Structure formats: C-alpha cells, structure tokens
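Here the protein sequences come in this chain order: A, B and C. Per numbering that gives the first Met the number 0, the first sequence starts with residue 0, numbered consecutively. Per numbering that gives the first Met the number 0, the second sequence starts with residue 0, numbered consecutively. Per numbering that gives the first Met the number 0, the third sequence starts with residue 0, numbered consecutively.
Source of the hints: derived by calculation from the structure; they are not laboratory data. Hints are supplied without guarantee of correctness; some may be wrong.
Stretch-level coverage of chain C by chain A, calculated; a stretch enters the list once three of its residues show a Cβ under 8 Å from a Cβ in chain A [claimed, not checked]:
hint	segment
1	38 to 48
2	197 to 207
3	223 to 236
Bear in mind the structure is a predicted one, so any value in this text is a computation, not a measurement. Glycine included, every Cβ here is placed at the ideal spot set by N, Cα and C.
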Amino acid sequence: MRTHWTRHRLSHLGLVALAWLTFAVGAGPAGAAGTFRIAVGVDLDTVDPAQMTTTTVANMVDYVIETLTAMSPDGKIQPWLAESWTLSPDGLTYTFKLRKGVVFHDGTPFDAKAVKWNFDRLKDPQVRVPIRAPFPIKEAEVVDASTVKVTLTRPSSPFVSALSWTTSAMVSPAAADKQGNEYKNIVHAVGTGPYVFKERKKGESFTVTLNDKYWGKKPTYDTVVFRIVPEAATRESLLLAGQVDLIVLPPIADVPALQRNSAVKLLLAPSDRTIFISMNTTKQFLGDVRVRQALNYAVDKKAIIQNVLFGAADEMDAPMAPSLFGYCKVGSYEYNPAKAKQLLTEAGVKPGTKISFHHPTGRYVQDKEASQAVAGYLREVGIEPELQTMDWPSYVSIINAGPAEKSVHQLAYLGWAPAFLDAAQQVLQYWSGYHPPAGLATTFYKNPKVDEWVVAADRESNQDKRKELYCEISKQVWADAPWLFLYVQRFPIVYSAKVTDVGSLPNEKFSAIYARPAN
Amino acid sequence: MSLFRQYLAQRLLASAVTLLGVSIIVFLMVRLLPGDPAQVLAGLLATEEDVARLRADLGLNKPLHIQYGVFLERLLHGNLGRSARTSQPVLEELKPRLRATLTLAVVSAVLASLAGVAAGALAATRPYSRFDYVLSLATLFGVSMPTYWLGLMLIIVFAVHLNWLPAAGSEGAASLILPALTLAAFSVALIARMTRASMLEVLGQEYVRTARAKGVGETLVVARHALRNALVPILTVAGLQFGTLLGGAVLTESVFGWPGMGLLLIESIFSRDYAMVQGIVLVFSTLFILTNLAVDLLYVAIDPRIRYT
Amino acid sequence: MAGLVLLVSLFALAVAAPLLTSHNPERQKLSEALRPLSPAHPLGTDHLGRDMLARLLYGGRLSLLIGFLAVGLGVVVGVPLGAVSGFRGGLTDLVIQRLADILLSFPGFLLALSLVAILGVGLRNVIISVGISAVPSFIRLVRGSVLSIREQVYVEAAHAIGQRRTVIIFWHVLPNAMAPVIVQATLSLGFAILVAAGLGFLGLGVQAPTPEWGTMLGEGRQYIFRAPGLTMYPGLVIFLAVLGFNLFGDGLRDALDPRMSRV
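Full structure from sequences and hints, please.
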C-alpha cells in the first residue's frame with residue numbers, strides 16, 4: 000500500500016504538470032485586464048488608520064493611505080510624505096518639510112493643515128487609538144503650507160520610526176464626514192496612496208483601483224482585489240488553481256511542498272513577531288512567578304517549531320525578536336517537565352486545576368494547532384486547560400477588556416510585532432501604563448523597576464544607553480516570565496511564478512504594490 | 000366552501016401558528032443564554048452606552064409578553080435588530096447572503112430533481128436489473144455520505160488536481176458547480192429512491208395494465224400515465240428536500256467558502272453575534288415553513304381527486 | 000444482511016478498542032506528527048502525533064454513545080408524546096402536533112446547530128441538541144401508528160372492560176406501534192452520527208482533544224495535501240457507520256412490515 004509520502008509526491012507531480020499545462024494553454028490569466036488578486040486570512044476590522052491594530056489589515060490599507068515616513072525592505076526608515084525633518088536641541092520638537100504637489104484621492108491638497116488635522120485626531124482622547132503610545136504628540140502647528148512643527152509631550156527617540164506605521168497615516172480631512180465617514184470612525188479611507196478605495200464587502204473582499212494622480216512611481220496593475228479567505232488550505236487551493244496571484248500564510252504543513260513547486264514562489268520572510276502565551280497575572284495562581292516559570296519549562300518549544308510549524312519559526316531567547324533595535328540575548332527555558340511539576344507543587348497548584356485558554360484561529364501561523372500542542376504539554380504537568388477558539392475581532396475584544404477585575408482571559412495565545420522594529424514598542428507589553436483597556440499588555444504584569452526603565456529608555460536620546468536599558472528590561476522580564484515565551488514566527492508569502500517584484504518588509508508585510516507580470 | 004378552499008385555509012392557519020411558535024422560540028432563545036440579554040445581543044465589541052441603549056430599546060425591564068410584542072411588531076416590519084459584529088441592521092447583512100444560499104439551494108434542487116427523477120424512473124422500468132441494483136447501491140451511498148467529506152474530496156479531485164473548477168468563493172457560474180453537486184448528493188439519492196418506489200407502485204396498477212392491454216407503446220405508457228401519477232409523491236419529497244437543502248447548505252458553504260447564510264451563521268456563532276444568529280434562524284425556518292406550505296398546496300392542486308369538488 | 004455485519008464489526012471494534020491499541024488517543028507526541036503508516040501506527044499519526052487508529056477506535060465509541068443517547072432521548076420524549084397525542088386527540092393532539100411542527104420547521108442540521116449556539120459546545124450539549132432534533136419524527140410516527148391502532152377491536156374491548164386510558168395506551172397500543180419506531184430509531188442513529196460529526200467538523204461539537212470523527216475531519220482539513228489520511232479515514236468511518244445503520248434499518252423495515260412506505 001502506498002504511504003502518504005508517495006501518494007503525496009505523485010499528487011504534486013500531477014499538480015506541477017497541470018500547472019505547466021495551464022501556463023501553456025493560458026487558462027487562468029494572472030489577473031484579467033490588469034487585476035492583481037491577493038488572498039488574506041483576516042477581514043479588515045477597520046479602514047480607519049487611527050484604529051489599526053492588525054498588521055495584515057494595515058498592509059491592505061497601506062495601498063490607499065500613506066505615512067510621513069516609510070520602512071524600506073531592509074528595515075530602515077526613509078522619507079515618504081515628509082521629505083525631511085529636523086529635531087530641536089531639547090528633543091521635543093520636530094519640524095517636517097512635506098512633499099509638495101501631493102493630492103488626496105478626493106482632489107484636496109495634502110498640506111500642513113491636513114497633517115495637523117490628522118495629528119490632532121491622533122491625540123484626541125475621544126478617538127479610539129489602540130496604538131497611541133508611540134505618538135506622544137502635544138501639539139501640531141502649521142508653519143506654512145508644506146511645513147509642520149510637531150511638539151511632543153516628552154522626548155521620544157523612536158518617534159520618526161513610529162511615523163512609518165499606519166496609525167499615523169494621513170486621510171483627507173475634507174472626507175471625514177462624507178461617504179459614511181464620521182470624525183470618530185472612518186469607514187471609507189481617502190488617502191494619498193497609489194490606489195484608491197473602491198469597494199469593501201465585509202467578510203469577502205476589499206477592492207482598490209489605480210490612482211492616476213499618484214505622486215510616486217505608478218504600479219503596474221489597474222485593480223487590486225484582496226479576498227478574505229480565513230481557511231489557509233483554501234487560500235492555497237486558490238493560488239494553485241491560479242485564481243489568486245499572491246497569498247500569505249499558507250498551511251504551514253505544505254511549506255516544503257510549495258518550495259519544490261515551480262509554479263509558485265515561496266518567501267519565508269523574517270519577521271519581528273514574537274509569539275507567546277500571555278498569562279494574566281491577576282488570575283488564580285498566575286500571579287506566582289514560580290507557576291509562570293513552571294509553564295515555561297513545561298512546553299517543548301523546539302518540538303512545536305519542528306512539528307507544528309514545520310520549521311517556520313525560530314526559538315525565542317529574549318522577550319523580543321532579534322531584528323529589533325535594543326535586542327540582547329538573555330537565555331532560554333529548556334524543556335523540563337520534571338522541573339515544571341516541581342515548581343507547580345511548590346507553588347501549591349493541585350493537579351487537575353482548570354484554567355481557561357483563549358486562542359484565535361486563522362490569525363497567526365498554526366495558532367489553533369500550536370495552542371492545542373501547548374495545552375497538551377500543560378496537561379502533562381497536571382494543568383487542565385480549557386481551550387476557547389474565537390475569531391479575531393471577538394478575541395481582541397476579550398483580551399482588551401480591562402481593568403484587571405474586568406478581564407476574562409487567563410491564558411491567551413498572542414503575537415506581538417513592533418511595526419517599526421524598535422524595542423520601545425515591544426516593551427510596552429511589560430509596562431503597567433499599557434494595561435487594558437488602554438493597551439494590550441494583557442498580562443497585567445507590573446514591575447516598578449521595569450516601568451522606570453521603560454519610561455527612561457523612551458526619553459533617552461543616547462542610543463547606546465537606550466540599548467543598555469532595554470537589555471536590563473529583557474533580563475528582568477525573562478526572569479519574571481509574564482509570558483510563556485514560544486518563538487519568533489517567520490512570515491510565509493507565496494505567489495504565482497507568473498508575477499515578479501514581490502517582496503516583504505521585516506515587519507510582516509508583503510510588498511506587492513509594484514508587482515508585475517514576469518516575462 | 001370547496002374542499003380545496005377549506006384545506007387552503009386550514010394549512011394557512013397551521014403555518015401561521017407554526018411561524019408564530021417559531022418566533023416565540025427564537026425570542027426565548029436569546030433570553031436563555033447566561034447573562035444579561037442586552038449585553039448578549041450587543042455583543043463583545045459594544046461599549047457600556049451601547050448596552051444601556053439596547054437595554055432601553057428592548058424594554059428589558061418590562062414584562063416578558065410586552066417584550067415579545069415589541070419583538071413581533073419589529074419583526075413584521077422587517078427589523079431584526081443589529082449585528083453585534085458589524086453594527087449593521089441584520090436584514091441588510093442577510094440580503095446578499097440569502098441570495099447566495101438560495102441560488103445554491105435552487106440549483107442543487109433542480110439538479111437533484113432532474114437527475115433523481117430520471118434515474119429513478121429508468122430504474123422503475125427495469126426493476127431488479129443490473130442498473131436498478133447499481134442505482135440502489137448508489138442511492139444508499141448517497142444518503143449515508145457525509146456531505147462535508149464529499150465536498151472536500153471533490154475539491155481535491157476537481158479543483159486542485161484537475162484544475163477544472165474553482166476551489167472556493169463565488170465568482171462566476173463555475174464556482175457554483177462543486178458546491179451544488181455536493182449539496183445535491185443526499186437529495187438525488189432520496190428523490191431517486193422515491194421516484195422508483197412510487198413509479199413501481201403505479202406501474203403495477205390497473206389502469207396501466209389496461210393501457211398496456213390496449214396496446215399503447217411501452218414508453219408512452221410510462222411517460223404519460225405512470226410518471227404523471229407518480230409525480231405527486233415525488234413532488235412532495237422534492238419540495239421537502241428543498242428545505243433539507245437549506246439546512247445542508249450550512250456545511251457545504253463552510254467547505255467551499257460559499258458566502259451564504261449558512262456560512263454567516265457559523266461565523267456569527269463563533270463571534271457570539273447572537274442578534275445575527277437569531278435573525279438567520281428566523282429566516283431559515285420561515286423559508287422552510289413557506290416551502291412546506293407551498294408543497295402541501297401544490298400537492299393538493301395537482302392531485303385530481305381533490306380538484307373537482 | 001450486510002448492514003448487520005457492518006454494524007456488528009463496528010460495535011466490536013469500538014468495544015474492543017483498548018485491546019486493539021495501546022496508544023492513548025489523546026496523548027500528543029509532536030516528534031511523531033503526521034507520520035505515514037507504520038507497524039507502530041497502523042494508520043499513521045495526526046498533526047499532534049496522536050495515533051490515528053486509536054483515535055478512530057475511541058472515536059467510534061464516542062460516536063456510538065452519542066448516537067444511542069441522542070436517539071434514546073428522542074424516543075423517550077417523542078414516543079410517549081406521540082402516543083398521548085394520537086390517543087387522546089382533541090386539544091392535546093393539536094398542541095403536541097404544533098410543537099412538533101415548530102421543531103420540524105428547522106431544517107435538519109440547523110436545529111442541532113441552533114441549539115448548540117445557545118447551549119454551547121461540548122459532548123453533553125451535542126447529545127441534547129441531536130436528541131431534540133430527533134424527537135419530532137418519533138412523535139409523528141407514533142401518533143400515526145396509534146391513530147390506526149386505536150380503532151382496533153381489542154382496544155375497544157379493553158375500554159369496554161373498563162381499563163384506564165393510560166393502561167390501554169401502554170399495554171395494548173404502544174407495543175403494536177413499536178415496529179416502525181424501531182426502524183426509525185435505527186435510521187435515526189445513522190442520522191445522529193452524521194449530525195454530531197457535522198457539528199464536530201465545524202468545531203462546534205465535541206472539543207479537542209477528545210477524539211470524535213467529525214472533529215478529526217475538521218482538524219485534518221488543512222493537512223489535506225500533505226497527509227490526506229487525516230480526512231480520509233474519519234470520513235470513511237462516518238460513511239461506513241451511517242451506511243451500516245441505514246442498511247440495517249432498511250432490512251429491519253423489510254422484515255418487520257413490508258407494507259411500510261419506501262422512502
């Protein structure tokens with residue numbers, strides 16, 4: 000009887016043959032009449048830049064709205080809507096020179112007034128801005144039509160990097176009350192980007208069309224359609240069948256096969272995303288550091304990476320990804336179930352104790368399966384996790400519930416990706432000022448020393464001193480273990496071999512605005 | 000009053016009562032959930048004010064029958080509340096999804112009826128032959144097959160390996176084929192069995208033997224007399240199957256990512272959007288009741304024994 | 000009959016599960032994930048390294064359990080209601096019939112799904128939901144039988160002697176109405192397994208790590224290209240089990256009462 004492998008190999012041989020046949024016959028063109036089709040796994044929860052939390056959503060909305068600075072593929076920050084900037088000696092005021100001749104999609108000019116409007120909105124407490132912390136804006140001032148002065152409430156070295164993140168993207172003030180928009184909630188984003196917001200079908204698709212008045216290099220495709228396909232296997236089927244041109248996060252089990260398939264190209268992009276189990280330190284025994292360390296020893300992370308993620312991740316050795324500024328290697332919690340059991344007994348945790356374990360599905364690579372695997376390991380040391388699967392928006396609202404007394408979750412599978420590769424954003428997770436509902440430090444972890452260091456590092460203008468501070472934070476947090484540290488995820492992007500110029504950014508974004516047919 | 004009119008009135012009344020009953024059950028459904036109904040309906044993403052507003056709107060402090068009255072009145076005006084997930088009116092969200100599910104169900108029903116009747120009729124004219132035996136086996140398989148498994152296998156074969164048909168989504172007519180086939184599988188089997196059985200019964204009856212004795216051609220006999228009289232129970236089953244198709248659509252839509260009501264129901268259950276769940280359940284059962292009513296009336300209308308009174 | 004053979008083998012395998020495999024169906028071993036067939040794992044392993052054969056066998060126990068309990072619920076509730084409804088007639092009949100209609104106005108799978116949405120997921124609620132969906136068909140069936148039996152001579156005779164109504168129902172009427180009930184119960188068993196597995200497939204039934212055929216099918220979906228066995232085997236056994244019950248039910252119907260309508 001054939002084994003799985005032979006059957007599998009034969010099936011893929013057949014697949015490749017058919018793919019070439021399709022190529023030759025020309026069936027299933029890579030986008031009829033210049034349409035580029037992308038399949039993603041999560042629906043947009045919002046198109047309002049201020050409310051952005053999810054990288055994939057920001058990735059899509061980036062086609063339409065733009066920021067003052069932008070990240071290049073190597074992670075460096077470059078000028079974008081702002082051509083240049085200077086910083087005052089006290090480190091509190093930035094003066095931005097804006098790019099001239101840029102217009103919003105509704106024809107209104109992109110100028111200092113628009114920038115001020117957007118920044119005012121960003122700091123307005125009435126507007127929901129989940130990722131407000133990196134933007135400590137005191138005031139924005141119009142100097143002239145293309146110059147803006149931004150004064151901060153405190154010195155913040157990562158500010159310019161932060162401006163590359165979609166939260167601070169510029170939308171047209173004139174459109175804030177049109178097409179269903181309200182000041183507090185933008186549902187139809189009018190920006191300056193290379194594509195214009197055309198249509199959004201909730202749960203189905205998001206379509207954008209080419210902006211002929213774009214200030215920069217024009218993309219090749221007239222239309223880009225983002226299809227919302229929560230099932231990874233379905234995304235893969237769509238790509239293999241030629242019905243979409245690019246997908247993210249295929250079923251990770253198929254990564255080896257996709258790498259061998261010449262009809263598609265696979266990119267295992269390095270990312271900044273740490274994946275962990277957040278332990279709510281205010282619930283049950285999770286307040287005891289011995290328990291948290293025990294849980295860290297209880298799980299065999301290497302095995303999960305190998306067998307559940309098929310090698311598409313790297314083990315964590317610090318509370319942040321190596322690609323961040325401020326990273327320093329701290330240590331490891333090796334797989335030691337005996338030690339875990341011992342620590343649990345010491346802490347007085349009885350075998351069979353139940354604990355709730357919330358996890359999303361379709362959001363992170365193998366989130367559900369990895370959660371199951373982790374739950375399995377926890378069971379082996381005597382804890383009974385009750386798995387709760389949720390879709391992403393509901394999951395976020397659960398873990399965002401605060402303050403601590405109102406929080407619901409105990410264990411929560413979560414990822415954290417500092418969008419501008421700076422430890423400043425990572426350490427928010429360990430700062431008591433970021434507890435829900437203000438932010439997503441879902442552990443409610445509080446260590447006054449760490450708090451002090453976080454604040455100090457954010458103000459520190461000497462980069463070396465900043466690095467030192469972040470190293471101290473890392474060491475302390477590692478020992479306190481508010482997280483079950485799992486791994487640093489890779490970001491798999493797969494696209495049709497018929498297109499080219501597809502890349503990635505190290506902050507888990509696919510870069511396909513300038514994709515074009517391969518000739 | 001003619002017998003038919005009497006029957007019509009009876010059935011209409013019964014359906015109305017059933018509809019009312021369903022609305023009561025659905026109304027109670029949400030209140031059975033643990034927690035404050037306003038919080039439950041407003042959903043996880045709602046703010047305190049949203050919940051308070053909803054509580055006032057639903058009149059939760061008023062006695063239950065008054066709440067129900069409000070509920071019913073709103074229902075009759077097409078107000079099914081707002082989705083907790085998207086804050087849009089439930090009815091608005093449902094319209095495109097309903098269209099998608101109906102498209103799928105109707106196409107499947109037509110496929111299943113045509114194929115089922117044809118196969119069943121053919122088998123009835125050749126009872127106990129090899130064809131008949133194969134058909135029996137096939138129909139048995141059809142009613143025992145888990146639709147979701149069938150769907151997955153069809154995707155593997157036709158979409159991935161052969162690349163003839165789309166694997167998911169709803170663009171273009173081609174994407175309808177696999178889901179329709181999957182959904183129709185169970186019904187085809189049932190309709191084929193029914194057709195064969197009732198046709199066999201008819202074929203054995205007196206007037207058919209008389210027609211045969213008169214020397215009318217075999218096929219003609221089958222076509223005109225047998226099929227027409229066997230049509231009645233076949234129609235009944237086919238009509239009822241439409242209702243089953245609506246229910247089975249949930250699983251098929253899940254496998255193929257077909258954006259219909261079934262898929263929305265599943266998503267709503269996962270996101271705890273009970274306002275939406277409530278709305279979908281109401282629409283499904285209303286459709287089902289109406290379908291049954293239509294079948295009942297059609298049955299009576301076609302059956303010549305009742306028509307002339 | 001083929002059906003009987005299928006079923007008996009199914010039962011035997013399920014009951015003998017602990018003897019046939021030493022693997023714990025819930026024990027994960029990541030280093031053994033997605034292995035093909037081997038002597039240690041006759042049907043390979045799933046994505047968490049759990050033995051497929053063990054999961055299928057123990058899953059069989061679970062499916063049979065769900066089937067019996069659910070249909071049992073349907074019978075225990077539906078049969079007396081149907082009997083009372085048919086025997087008494089009048090208002091009781093009308094009310095019970097309307098109740099059955101209401102339950103039946105949720106097409107098939109949908110009723111179970113809605114109930115699970117309200118009650119929550121998990122084994123207990125799956126049994127309750129599937130059970131409730133089975134109730135109305137029993138009500139209808141028994142009522143029909145009772146209506147025809149009611150007119151029989153021996154019932155009138157019993158009534159004439161002065162036996163109480165309830166006694167008449169349970170001693171004379173019901174036993175004679177049992178034949179179609181048994182047939183329906185058998186067929187319902189197949190349907191119950193199908194529905195429970197459907198709920199599991201959607202992730203709304205029996206929850207991981209408990210092995211249930213439908214849940215296994217749903218979990219295996221994303222490995223469909225790499226390890227198709229994860230979906231093949233659970234699907235196949237669901238099919239075989241339902242087939243078995245359908246065959247057996249058909250056979251029973253033929254044996255017990257060849258006059259019953261063939262649908």
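To see whether the hints hold, each was checked on the structure:
Only residues whose C-beta sits within less than 8 Å of a C-beta in chain A count toward coverage, and the segment 38 to 48 of chain C has 4 of them, enough to reach three; the restraint holds. Restraint check on the segment 197 to 207 of chain C versus chain A: 3 residues with Cβ-Cβ distances below 8 Å, three needed, restraint holds. Counting residues of the segment 223 to 236 of chain C whose CB lies closer than 8 Å to any CB of chain A gives 6, so the stated coverage by that chain holds, three being the minimum.
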